[in-house]
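Undergrad: Protein chains in written order, with this note's numbering: chain D, 1 to 269; chain R, 1 to 229; chain P, 1 to 432.
Be careful, since some hints might not be right.
Here are the in silico distance ranges between beta carbons for each label pair [what the hints assert, rightly or not]:
| # | chain 1 | residue 1 | chain 2 | residue 2 | range |
| --- | --- | --- | --- | --- | --- |
| 1 | R | ASP139 | D | GLY87 | 54 to 62 angstroms |
| 2 | D | GLN257 | R | LEU110 | 57 to 65 angstroms |
| 3 | D | GLN99 | P | SER255 | 34 to 42 angstroms |
What the hints contain is simulated information worked out from the structure, not anything from laboratory work. Where is the CB? At the ideal position from N, CA and C, for every residue including glycine.
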Amino acid sequence: MTDNSLNELAAHQRAQTPRPKMTARGVSVFYGQKQAIKNVSIDVDMDNVTAFIGPSGCGKSTFLRTLNRMNDTIGNARVDGEIRLDGENIYAPEMDVVQLRARVGMVFQKPNPFPKSIYENVAYGPRIHGLAGGKAELDGIVEKSLRRAGLWEEVKDRLSDSGTALSGGQQQRLCIARAIAVDPEVILMDEPASALDPIATAKIEELIHELRGRYAIVIVTHNMQQAARVSQRTAFFHLGELIEYGVTSELFTNPRQERTKDYITGRYG
Amino acid sequence: MQEHTVKAFDDDIVRLRGLIAEMGGRAESAIERAMVALTQHDLDAASTIVAEDKRIDELEVAVETLAVQIIALRAPLADDLREVVAALKIAAVIERIGDYAKNIAKRVPLIGRHHQIEALSVLPAMAQLASEMLHDVLDAFAARDWEAAVEVNQRDRAVDDFYNSVFRTLLTFMMENPATIGEAAHLLFVAKNLERIGDHATNVAEMVYFAAQGKHMAERDRNDDLAEV
Amino acid sequence: MSDIPQVELMRMPADAAPRRPTDWKTESMQRRIRRRYAAERRFRLLGLAAVLLSAAFLAFLLIAMLAQGWRGFTRTEIRIEVDFPAMALPLTPAALRGGDADRLLAAAGLEEATIIAAERTLGPGGDRLLSEAAWLTMREAIRDDPSILGRRAVLWLPAADPIDVAAKHAGDPRSEAAYARLRDAGLVRTGFNSTFLRDADATDPAMVGIWGALKGSLLTMLVTLALAFPIGVLSAIYLEEYAPRNRWTDLIEVSINNLAAVPSIIFGLLGLAIFLNTWNLPRSAPLVGGLTLALMTMPVIVIAGRNAIKSVPPSIRDAALGIGASRIQVVFHHVLPLALPGILTGTIIGMARALGETAPLLMIGMRAFIASPPGGLTDPATVLPVQIFLWSDEVGRGFVEKTSAAILVLLAFLLAMNAIAIYLRNRFEQRW
Chain D
1 MTDNSLNELA AHQRAQTPRP KMTARGVSVF YGQKQAIKNV SIDVDMDNVT
51 AFIGPSGCGK STFLRTLNRM NDTIGNARVD GEIRLDGENI YAPEMDVVQL
101 RARVGMVFQK PNPFPKSIYE NVAYGPRIHG LAGGKAELDG IVEKSLRRAG
151 LWEEVKDRLS DSGTALSGGQ QQRLCIARAI AVDPEVILMD EPASALDPIA
201 TAKIEELIHE LRGRYAIVIV THNMQQAARV SQRTAFFHLG ELIEYGVTSE
251 LFTNPRQERT KDYITGRYG
Chain R
1 MQEHTVKAFD DDIVRLRGLI AEMGGRAESA IERAMVALTQ HDLDAASTIV
51 AEDKRIDELE VAVETLAVQI IALRAPLADD LREVVAALKI AAVIERIGDY
101 AKNIAKRVPL IGRHHQIEAL SVLPAMAQLA SEMLHDVLDA FAARDWEAAV
151 EVNQRDRAVD DFYNSVFRTL LTFMMENPAT IGEAAHLLFV AKNLERIGDH
201 ATNVAEMVYF AAQGKHMAER DRNDDLAEV
Chain P
1 MSDIPQVELM RMPADAAPRR PTDWKTESMQ RRIRRRYAAE RRFRLLGLAA
51 VLLSAAFLAF LLIAMLAQGW RGFTRTEIRI EVDFPAMALP LTPAALRGGD
101 ADRLLAAAGL EEATIIAAER TLGPGGDRLL SEAAWLTMRE AIRDDPSILG
151 RRAVLWLPAA DPIDVAAKHA GDPRSEAAYA RLRDAGLVRT GFNSTFLRDA
201 DATDPAMVGI WGALKGSLLT MLVTLALAFP IGVLSAIYLE EYAPRNRWTD
251 LIEVSINNLA AVPSIIFGLL GLAIFLNTWN LPRSAPLVGG LTLALMTMPV
301 IVIAGRNAIK SVPPSIRDAA LGIGASRIQV VFHHVLPLAL PGILTGTIIG
351 MARALGETAP LLMIGMRAFI ASPPGGLTDP ATVLPVQIFL WSDEVGRGFV
401 EKTSAAILVL LAFLLAMNAI AIYLRNRFEQ RW
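Extracted from the complex, chain D is given alone in its bound form:
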């Protein structure tokens, strides 16, 4: 293979030079006395999908939720350290949580569309944030979001049907459209495909690939093959610590840490 074609092949796989969107430094999370996250520092950047992997209870979902302050809803949760979005500390008192959550959207493990119509599901966010001037503009946002989520063709004729009447995979894409509708900068996905069948999973993965670059995407997953397929950077968590963070292709073919290797080759536990 000539040098040229080798380079082309690598470029397709190779992670692009990162533009950091969110930075975490020395983050620790406590639930009362129990420490769930220990001193984690990591960057999330615009052009690379970041995957968090690790065994159950390792803290990856907890850490994900610190990125949009969803842990605030839990009474005795305390977050130390610094997390910045475009340089602003998101835990500063003057940061508006509501606005933060519009900028950093979240998609959950079990699809949870509102028990409203498909249109209303997507339109709710823009409406409460005042992002649309009138009905026409709102219609435009709804259509654009559903298109970006790859759902428009399937539901354009039945926007007034209930969101909960869709199949599991469609519901999850509806949730993604709902998150996209408020024009976020970061999208956090907590095991988005774990409740879906393989075809729906494949569609979600393809969707993530299409969204890459426009939004900074972080995905928590139990499925290592999915992390390998979908991400360009992978972080391995274990017992609340960040064990290894690196380029996905390298981490899965030649991990640096023994614990990482044990986990991904199935020698864990």
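Since chain D is already given, all that's left is putting chains R and P on it; use the hints.
TA: Chains R and P alone, transformed into the frame defined by chain D:
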């Protein structure tokens, strides 16, 4: 090294290594017996060696099949993946080595009938070197011992030197005894085969290094200087 | 011999000795199965019996009430010819159009006129056949159509209570005879008693109406709903969504649960002490009644509300929070609509209980004899259960059927209230 949580995965890896070990053992034995058959001009032994090479080919097919199944069904990662890929390539290499041994055995009927060629007597030593290289590098594979693999790499120099000296000796012999050119030519090929076996052993060493380390061995300097006459 | 090795997915466990499966066909197993079936059958029958028993009680109640009460909706009337011009009443149509028609009518001596007309039509003593308050009907007729003052008119005036009872075949022999005579002469009819539904309480059972109590109940329920529902729902929201979980909120929860079980008469005492004695609100008014019942209903709504809000899955809250809804938006746009069916059910239960409460309202004085329906929230009034209680105490024969009729009205009110609430609940359930 800790075992896989799914025990059957370990069983598969063990079976893969077993096949490689069996192939390696058969190839080694084929080399040694071919040299014995050569020096003793034992035609029956030679034809047995030729027939048994089929078994090595079958084992190579078995290794390929098993490796593909492991990749499909176990989705190996990191060092498991590198080991399976290395096993695939090593099997192909050992199959070539087996072919070289068969090739040597095929030439047995054509050498030493009429004349005694002195160079013949050093070939067993050369074969010993190459065979030991193969043996040690396969041990290194089984043990994932990359340092032993690097060490085997160095020994190829000796085999190459051996070949170069045999080459000059035979050429001189041929020039002095034109009647023996036919047989001597065959001996040349035998020597060449042995030298190739040494080279292939270094290929295996590189794969062992890659499987263990995840990086490629630094480009070794091949002793490609052609002997001058 | 080429044995291509296969990848083994399931390794046979080391101790794969042949396994003897359980024998499900032995006699003891069969016995167990039979016993289990028998137990299930028994339980099903018990359940069915319980349901049937409850239904039977309900049917018994309804049938008894209907049987006794339907007659309360009818009234016997006697045909009286009234020659207005001959009686020369001091009334003219023009005068009645003026402002003080009531005063004129009151002073017009309509009672004597009724007696005269009755004697003319029915003979001497004929006025005894009419209800004492029959003149009120004449007054109504004149008020409705002043032009009859200029001609002879036929009025159907309510019969006296004994005649009314006799018409329903339950009277004493003399009244029966009198009724028979009237009937033969074609002068009597028994028809729908519209005054029952239009007028308030009266002394003569033939003239009593339920409207006063009905309006009183309506106004009281309105006050109760207006106070208990918002306060109850907002309290439930606060306790579930905003309040921290500590000893104080636990104490509040226990207190509310206990409040819901407090006997209603205690709330009556509370109302008496605070609303009447301390705040000096008007006695016997729907306002006070509503306040007292609101105190009683609120805990029920809070408990039902809390349970309904608790049962909204947290995934909906997470989803709403995740796209940047504020706390209030999450509650009012997402949690409350989903919790509304449960809250409405709790409200129905609470309001139904409040509708039927007698004791606390007796304590705050809603037991007086109210002859005219309440005009507003601060006028003296009575409520349906109290009215029923009062009528059931009365001596007159005719009050028996009126009491039953009033019970039927109360049940109808209850059904109407429930129907509205259920309709609302279904509508909200569909929409979301």
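Undergrad: All hints, please: hold or fail.
TA: Checked hints:
1. ASP139(R) - GLY87(D): 54 to 62 angstroms: 57 angstroms, holds
2. GLN257(D) - LEU110(R): 57 to 65 angstroms: 58 angstroms, holds
3. GLN99(D) - SER255(P): 34 to 42 angstroms: Between GLN99(D) and SER255(P), where Cβ atoms are some 39 angstroms apart, the hint holds.
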